[in-house]
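Enquirer: With the hints as your guide, set chain B onto chain A.
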Amino acid sequence: MPSVNFTYALKRFFPDLREIDLKAESLSDLLAQLEKKHPGLRAYVLDEQGRLRRHVNIFIDGELIADRDALTDPFRPDSEIYIMQALSGG
Amino acid sequence: MKSTLLLGTRKGLVVYRHQNGQWAMQDVHFPGVPVSIAYADERNGVWWACLDHGHWGVKLHRSADRGANWEEVTAPAYPEGAEIKPGEPAHTRYLWAMQQGGRRHPDRLWVGTEPGGLFRSDDGGREFQLVESLWNHPSRENNWFGGGRDHAGIHSVVVDPRDENHVYVGVSCAGVFESVDAGKTWAVRNKGLRADFLPDPEAEVGHDPHLLVASPANPDVMWQQNHCGIFRSVDGGRLWTDISEKDGPASFGFAIAVADDDPDQAWVAPAVSDMHRLAIDRSLCVCRTDDGGKSWKTLRHGLPQGHSFDIVYRHALACSGDGLAFGTTTGNLFFSADRGERWQVINNYLPMVHSVLFVE
Chain A
1 MPSVNFTYAL KRFFPDLREI DLKAESLSDL LAQLEKKHPG LRAYVLDEQG
51 RLRRHVNIFI DGELIADRDA LTDPFRPDSE IYIMQALSGG
Chain B
1 MKSTLLLGTR KGLVVYRHQN GQWAMQDVHF PGVPVSIAYA DERNGVWWAC
51 LDHGHWGVKL HRSADRGANW EEVTAPAYPE GAEIKPGEPA HTRYLWAMQQ
101 GGRRHPDRLW VGTEPGGLFR SDDGGREFQL VESLWNHPSR ENNWFGGGRD
151 HAGIHSVVVD PRDENHVYVG VSCAGVFESV DAGKTWAVRN KGLRADFLPD
201 PEAEVGHDPH LLVASPANPD VMWQQNHCGI FRSVDGGRLW TDISEKDGPA
251 SFGFAIAVAD DDPDQAWVAP AVSDMHRLAI DRSLCVCRTD DGGKSWKTLR
301 HGLPQGHSFD IVYRHALACS GDGLAFGTTT GNLFFSADRG ERWQVINNYL
351 PMVHSVLFVE
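Chains as they are written, first to last, in the numbering used here: chain A, 1 to 90; chain B, 1 to 360.
Only chain B is shown next, with the shape it has when bound in the complex:
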């Protein structure tokens, strides 16, 4: 298990270190500033902070020395004249995903944003360019729309480690898109998904994958916690299968994490339906499947039962080896050292947690 946790919270970037069997808060960076994503690039150890200043717009900072010094770089910005829809100019409202572009492209980075633009940097993040091919995708203007935010947003970028020009994005609301040429062209990959909120639940575009991930052990195996259930694909997103639990909590939620070493093992953090967005029966649980979604186990040991209002946001559940951690909307941070069997509280008094990531 990696021994550092980076948390993006509503009031700063919080760093925890695991030492002598315990997690201890080590630093708080950007105190008071909402951090939408706290990210670390495992290729070079650079930390990134995606900031969401209420007044001053979104900002991007990086640190080459684990937070000792931060440098602001120009945040992804839409080119002059870019419009969400005719007459509605586009500007970066939220930085919602960050992903390094692979070891064969050491200076490549991807950033997903609201209102729906994907950005790519090929110089280590000094400059980001809008990926025009996706922004100009024929489906975007009329079939992408806001889900959880005012406009459509890209919250997931998945890079295939076997071929780093092979990239997927998850868009709320639009669905999954795949590129095999580093973003020059895109194919829609929503077959098998269901969008119960649309007039045609099987529409090609308009789905709401809350988070899209691929198995590190077998990147053809992809998972998504969707607005309308949990879906899995074993063929790189060509066909999705509903693996939601029929008579149990594993159905609605935002976050999903897949084990580093097992394409059949994943965790979700369920909530009561989109109508309520509450912990189920005021009780927090994590559900784990060990068989690719055929069955789910509900894990509650050590989590609050009967008095919880916690929800886990899409980027706020993470795993590393046997370790699992998640942060909640009400500022609780939990850790399990045994893949979710037993949980312990790290902190009950954090701000709302937007993102959780294990780093070295």
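Next comes chain A alone, as it looks inside the complex:
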């Protein structure tokens, strides 16, 4: 199962957030499962149209995803997925 890891910045809002292995077919599916475990999390990562927020990044095995709108980037059963924040100043 792919493992999912999170930026520490999200733990401010979801203190129970931990690295987790999830069986998922797609990033959208994965985020839907995370939403069930951590209600509200999806709206921190995606906007209401399902697009990745501008200052949030998702990496699959170290590579930034290409499709920020529909989240169609594929991954393998043993992929490592990171949900990160972009850095911005001030």
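Because the hints were derived from the structure by calculation, they are not lab data. Errors might be hidden in some of the hints.
Within a straight-line C-alpha distance of at most 20 angstroms, the following computed EDC-like cross-link-like pairs (lysine to aspartate or glutamate) qualify [to be verified]:
#, chain 1, residue 1, chain 2, residue 2
1, B, Lys-297, B, Asp-262
2, A, Lys-37, B, Glu-71
3, B, Lys-85, A, Asp-69
4, A, Lys-37, A, Glu-80
5, A, Lys-11, B, Glu-72
Expert: Just chain B now, kept in the frame of chain A:
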């Protein structure tokens, strides 16, 4: 005068209390998080915080116990498929106005947003629905545009206390819209305004009211600090009259406050033109009219003169009885106990101040 000040700042929601003749900082909520609006619903005492997380989107929190505990509620969100323009999906970029919906509708709340959507809740803020009638107004797609932000935004919601289904919104840039049926239908109310930045300054839509307010003492008397001057209406927005000072500072600015008890008295916080957005002559002043805008008095006593870069944002000037307070872009907070005649500093070291509100 109400004895609490709620400040929405770039680094949190700051609470001040007035005790023994002095203002003292009481709490900071959401430290480090930009708060676009700090609001209190006077019907039930609930405090609201509109948050603008840079990374995680806008969020809405409420507190029933004056900030002791906060609960996140679902922020206003655009329905699936909503588009700013064809091919440009809409999502909530900024919460720019919050207004309770009146005592006869105790669970109604209005929220104005960028990119131009008005939202209404009828369950005390648990859920907000986009007001489709305004979003689908025929003028929106082609005649609304960004002013101060990337897209058009609703920064002002005015509810008529005599008939709470009677509502106005102020939109930058589009202008003033009026509804007499709680948002089912809308009429444009920009007659008499001037938009010098448009090819046709008297266009029906495309104006930039920086802030729209109504007199609590006579809600037919409305005021706006506009991008192109200060305007007043005595007939509920049907006709606006330019009341800018001809040879004085009261012209360009963002904020305007009208006295609780006098429809002819209001304050503005002037700045140098839209080209510069600076304090005039590096000096901060507030201008007050006591005669409905026929004349203006410039009030400087106690404000920095000759070395100031402060600007006052649209929601950052507030009045309550004889009390007046404003916060600035450079983190100064000033208070006057006598309607602006003399000012004192409350704090010189705040973050940028987005909103100021007196509450009980």
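Enquirer: If a hint holds in the structure, say so; if it does not, say that too.
Expert: Now for the hints, and whether the structure bears them out:
no.	hint	result
1	B:Lys-297 <-> B:Asp-262	holds (16 angstroms)
2	A:Lys-37 <-> B:Glu-71	holds (18 angstroms)
3	B:Lys-85 <-> A:Asp-69	holds (17 angstroms)
4	A:Lys-37 <-> A:Glu-80	holds (19 angstroms)
5	A:Lys-11 <-> B:Glu-72	holds (15 angstroms)
Taken one by one, the earlier hints all hold for this structure without exception.
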